[in-house]
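Given these sequences and hints, build the entire structure.
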Amino acid sequence: MPAVDRPEPPYLQIAGNIRDDIVSGRLKEGDAVPSAREIARNWNVAMATAMKVLSTLRAEGLVRAVRGIGTVVQTRALHRSAHDRTISIARTGKVYPPGHYAKIREAGLLPAPDRVAGALGIDEGAPVIRRRRTTYAAEGRPVSTSVSWFDGAVASKAPLLFEPVRIVEGTVKYVADRTGRVLTATHSQHAAGLAGAEEAAELGVAEGSAILLSRNRFLSAEGDVLEYGESAALPGHWIFYEYNIEDGA
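The numbers in the UniProt record's numbering rise by one with no breaks, and the one at position 230 of the sequence shown is 230.
Hint data in this document are derived by calculation from the structure and do not stem from the laboratory.
Fair warning: this is a prediction, and the values are worked out from it, not measured in the lab.
Just so it is clear, CB atoms sit at the ideal spot from N, CA and C, and this is done for glycine as well.
Please note that a few of the clues may not be correct.
To be verified - Label-pair restraints from in silico Cβ distances: (1) E38 - E60: 15 to 21 Å; (2) P159 - L12: 41 to 47 Å; (3) D123 - I69: 53 to 59 Å; (4) A126 - G196: 23 to 29 Å; (5) G236 - A197: 19 to 25 Å; (6) E106 - R181: 21 to 27 Å; (7) K157 - I104: 16 to 22 Å; (8) R215 - R37: 40 to 46 Å; (9) E38 - L194: 41 to 47 Å; (10) R58 - E106: 37 to 43 Å; (11) R64 - A192: 24 to 30 Å; (12) P164 - R37: 45 to 51 Å.
What the hints assert, rightly or not - Calculated cross-link-like contacts (lysine-lysine; reagent style DSS-like; alpha-carbon spacing at most 25 Å): (13) K157 - K103; (14) K103 - K28; (15) K28 - K52.
This is the structure in structure tokens:
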């Protein structure tokens, strides 16, 4: 049976647009978001719809009301996933929004473990580049720690991967640009887990604390895996995804 096209209600479309600006970093912590009157005027919707936009964003923990100012962005509970970082690269040219930064703990070449070889589509034991980083938000709060893996075959074209320094545009865009490929998709998996010794030390929590584990693959138009990543993030930080559900009944 053909699917029925049911577009999202206007308030969800507008909330999604503002949410994308927050997630990508175009709107940062403390920035004002449009008032209900501005939303109603700019989007040509009723005031009731505009008010629903702001209440949705408040319910998601992305904005808060400040007396005398209006509604402003708050990002303390926001965890930026690999997908979010891809959006940020495309919209701002930077992988991290203002106020967020990363410290590269190590970078080097080693034989590919089995799971990494499988993710990158190479032979076990083949050379891979490994980069470990910890990401911080405002006031130096660690929010996630991660390891990125790259096929060692890109080493000659992407030498910065061996340097323990930040790559402003993000490692995956750097690799894509240096190898003449285009980033087209990200595949992400998430699961609850417990912090091991390394994650606990980086995140400033007790070993065995609850954390969010993620695995991400960044794909080129040709289907090559440009980067495979594994990360651990603190609890209480939200990831946002939107899915369009088609009713085939």
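How the hints compare with the structure:
no. : hint                    : in the structure
1   : E38 - E60: 15 to 21 Å   : holds, 19 Å
2   : P159 - L12: 41 to 47 Å  : holds, 45 Å
3   : D123 - I69: 53 to 59 Å  : holds, 57 Å
4   : A126 - G196: 23 to 29 Å : holds, 26 Å
5   : G236 - A197: 19 to 25 Å : holds, 22 Å
6   : E106 - R181: 21 to 27 Å : holds, 26 Å
7   : K157 - I104: 16 to 22 Å : holds, 19 Å
8   : R215 - R37: 40 to 46 Å  : holds, 44 Å
9   : E38 - L194: 41 to 47 Å  : holds, 45 Å
10  : R58 - E106: 37 to 43 Å  : holds, 40 Å
11  : R64 - A192: 24 to 30 Å  : holds, 27 Å
12  : P164 - R37: 45 to 51 Å  : holds, 49 Å
13  : K157 - K103             : holds, 23 Å
14  : K103 - K28              : holds, 20 Å
15  : K28 - K52               : holds, 22 Å
Comparing the model with each numbered hint stated earlier shows that all of them hold.
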